[in-house]
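Trainee: Guided by the hints, dock chain E onto chain C, whose structure is given.
Sequence order for the protein chains is C and E. Take any residue in the first sequence, count from 1 to its spot, add 663: that is its number in the numbering used here. Take any residue in the second sequence, count from 1 to its spot, add 110: that is its number in the numbering used here.
If you are wondering where the hints come from, they were derived from the structure by calculation, not from laboratory data. Hints should not be assumed to be uniformly reliable.
[What the hints assert, rightly or not] What follows is a set of in silico ranges between Cβ atoms, one per label pair, in the way DEER data are often shown:
{"id": "1", "chain 1": "E", "residue 1": "S246", "chain 2": "C", "residue 2": "R728", "range": "47 to 57 Å"}
{"id": "2", "chain 1": "E", "residue 1": "G226", "chain 2": "C", "residue 2": "A778", "range": "30 to 40 Å"}
{"id": "3", "chain 1": "E", "residue 1": "G226", "chain 2": "C", "residue 2": "E869", "range": "38 to 48 Å"}
{"id": "4", "chain 1": "C", "residue 1": "D729", "chain 2": "E", "residue 2": "A249", "range": "51 to 61 Å"}
{"id": "5", "chain 1": "C", "residue 1": "A778", "chain 2": "E", "residue 2": "L148", "range": "35 to 45 Å"}
{"id": "6", "chain 1": "E", "residue 1": "Y250", "chain 2": "C", "residue 2": "R728", "range": "49 to 59 Å"}
{"id": "7", "chain 1": "C", "residue 1": "L805", "chain 2": "E", "residue 2": "E347", "range": "47 to 57 Å"}
{"id": "8", "chain 1": "C", "residue 1": "G771", "chain 2": "E", "residue 2": "D142", "range": "54 to 64 Å"}
{"id": "9", "chain 1": "C", "residue 1": "V795", "chain 2": "E", "residue 2": "L386", "range": "51 to 61 Å"}
{"id": "10", "chain 1": "C", "residue 1": "G771", "chain 2": "E", "residue 2": "D143", "range": "46 to 56 Å"}
{"id": "11", "chain 1": "C", "residue 1": "A778", "chain 2": "E", "residue 2": "E347", "range": "33 to 43 Å"}
From a predicted model like this one, the values you see are computed outputs, not experimental measurements. Each residue gets a CB set at the ideal place from its N, CA and C atoms; glycine is no exception.
Now for the letters of each chain:
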Amino acid sequence: MSLLSVRNLCKSYGALEVTRNVSLDVEPGELHAIIGPNGAGKTTLIGQLSGKIAPDSGSVSLAGRDVTHRSMSDRVRLGLARSFQITSILPRFTVLENVALAVQARSGSSFRFFAPVAGERALNDAAMNALVEAGLDDRASLRASALSHGEHRRLELAIALATNPKVLLLDEPLAGTGGEEAEAFVQRLRALKGRYATVLIEHDMEAVFALADRISVLVYGEIIASGTPDMIRNDPKVRAAYLGDEEAV
Amino acid sequence: MKGIQHISARIWLSLLIFAGFATLPLIAMATDDPFLLLIGTRILAYAIAAMALDLILGYGAMVSFGHAAYLGFGAYAVAILNSYGVTDLGLHILGAVALSAIFALLTGAISLRTSGVYFIMITLAFGQMAYFFFVSLSAYGGDDGTPLQARSTLFGSDALENDRVMFYTALALLIILFAGATRIVGSRFGRVLIGTRENPVRMEAIGLAPFRYQLTAFVISGCMTSVAGVILANQAEFVSPAFMSWHRSGELIVMVVLGGIGNLTGAIGGAVVALLLEDWLAVLTEHWRLLFGVFLILMVLYSPHGITGALERFKGGRK
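Next comes chain E alone, as it looks inside the complex:
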């Protein structure tokens, strides 16, 4: 029997996904479709966010319904720092992470006093508070948001203005964060986190009070999500409170569920499938959400472990 933290089979799948991503610019070049790279970058950003959410939702049983707030923090970190003449991508990420860490620490400490449905509702409430804070921030366009003067700079150069460089930078960030998250899941900390998901009372009975570990995971997840926000702002060259609406939080949960809860590779796959489906179905009909809903229901009914669960079953089908 493989241990609870065993994930090597999924690592292969994720390498396959990363390789697929890496060839996308070639396809874009061959088909002369500039939008492909923009869509790809957007998918990469959501893949990071879904993966970050899965770290607490899947491994820690904390269903955060306010995670889009961190997308907003990332995006506004870019816009706000830019307006003060700070344009470096690294500093943008640093700002986004710092802001998210503070917000996650404060709201997490309060939210974690609850669990289950109450945790969902309280994280939603905090997410909405963040949303309305930025709606009222008239210096940055309030409700309408504000366009970016330029994308972040990379070591002083404006290389990110090139969509291909932007795309590969996003891919590099995804791979780095995936490697980090994978290590966390397999670490001492990860084992405690999964233990709190399985049986919090047992964890206390061996001397590990869940709260500190859950809160730490919550902060890590929020910080990771904000990196996705930094990418999204640069991809769209625009920031607005729409990044952090509660619909967005819901979409992130859908991606995690679609990919397979408690499975980092799955979350990435879930983001890819959800966004591609959204694009394709939207071409077919303006009522695409209806079709998407049907798809989601079928997935949950017939493959409760999501896309990766279905793949693993398919692979192990002959056993």
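In isolation and in its complexed conformation, chain C is listed as follows:
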């Protein structure tokens, strides 16, 4: 059974159809990349998967459960975590606090008013583990606002991991990074592969083709092709619509 299953999703803003009859599945442990030119509706799509945007029709199910009408926070609790294209963190919290809060959200009640949370070993340890996976453990006690852009991208990942997700939605995790930093990030994602079902939206084609088990190509809100990286690379429709003359890919 697919962990994440999207059926006939449609969304229009006025006359503009931004999501046209999109269906896709993500199997356990699979990394499913969604690519497409700018304005293809990738961010709107991930918004509908995460619960930020309500679709006009169609359904989203998580582990067999229909979550189409559940709120973003409900979906996260059911195991659907997302990272943001534009870094969205708690800038005045320390790096560890940012992640520990995500751990707290899924372990025990947050309606505890008296015990000091800073002293909760279990929270801090779990947060530290997520930071190790994101390669940020040496930054744990810094204020989040003091991190570099690349480190912010990794913090986004650590926070998403700390919610203990079944499915990860990564919205352009490499945005704004380049060179060695991007390469290191791809290595990290590769290490996580297989442990989470992942939907990856990314512009960096090199990263996408290196990581993805399956790629779906979104053009004008519609999936025009879906298959293994090899199939996508050789699909004439995709080449025409999206890859253009980029023979190098």
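Mentor: Below, chain E without anything else, positioned relative to chain C:
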């Protein structure tokens, strides 16, 4: 780097403030000035209210412009329960808290559908509704208010009739509530509350919908503020809708800003400074509000983190 909830340095400052308060009755005795204790009790009451407001304004980014309503609930709980022969301070506080919890729950649930300026306006509107409700309550003097027959009783005794006992009782309440509020800020709940201030979208993306936490904080804050109202009524031995006018709500915000937003000790300091300045400036000139305004503008311009911010900068100046 110290964590977001780190406050131990400010705890010392607050202990200093509490110690200062504790010596006030001695000064009153030495100078033979009975008004000093009354002024002191009034300051303690406002310190509680400012601290309670800071819990949501400073830590939760909810600017409530109707918080004086809870002062009124506290004050009228004393007057109304007294008229039914219920005179115990504990029961007065219980009544005030119960009434405030219901009002805060209802109005908070509606107000929190908005944010920013709209939240300010809608809390102001609810505050005014409460104000006019008590204005029309003719059994308790309506617009003019009503004097209390006697102060609340403490375990059956009329000890609170003594201004010194009244003062120390108010101080004890302030310390208890300060300890409680400090624990809340440092708790799991506090971390979520501060998180909703910093970035509500992020909170949702980790599975914590802000609304429940904000509403809970709003209710806690309202209940705490009502305790200040209970003290004020006893201090003045009089209750009237004037306790809950929107000017009062504004003054509470001024105290929080003056002390340093998001800083419980600061709110207490802000209440002390605002009320003392009011008293001193009023002696100098009847246009004291003008001078107070100038002071407030200078504070906001030159020390955006309020009095405590200025103190901390002064202390850390050599770094």
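Trainee: A separate judgement is required for each hint: does it hold in the structure or not?
Mentor: For each hint, the structure was consulted:
1. S246(E) x R728(C): 47 to 57 Å: holds (53 Å)
2. G226(E) x A778(C): 30 to 40 Å: Because 33 Å falls inside the window, the suggested range holds.
3. G226(E) x E869(C): 38 to 48 Å: holds (43 Å)
4. D729(C) x A249(E): 51 to 61 Å: Since D729(C) and A249(E) have Cβ atoms about 56 Å apart, the given range 51 to 61 Å holds.
5. A778(C) x L148(E): 35 to 45 Å: holds (39 Å)
6. Y250(E) x R728(C): 49 to 59 Å: holds (55 Å)
7. L805(C) x E347(E): 47 to 57 Å: holds (54 Å)
8. G771(C) x D142(E): 54 to 64 Å: holds (57 Å)
9. V795(C) x L386(E): 51 to 61 Å: Holds, at about 53 Å.
10. G771(C) x D143(E): 46 to 56 Å: Holds - the Cβ-Cβ distance for G771(C) and D143(E), about 53 Å, lies within 46 to 56 Å.
11. A778(C) x E347(E): 33 to 43 Å: holds (40 Å)
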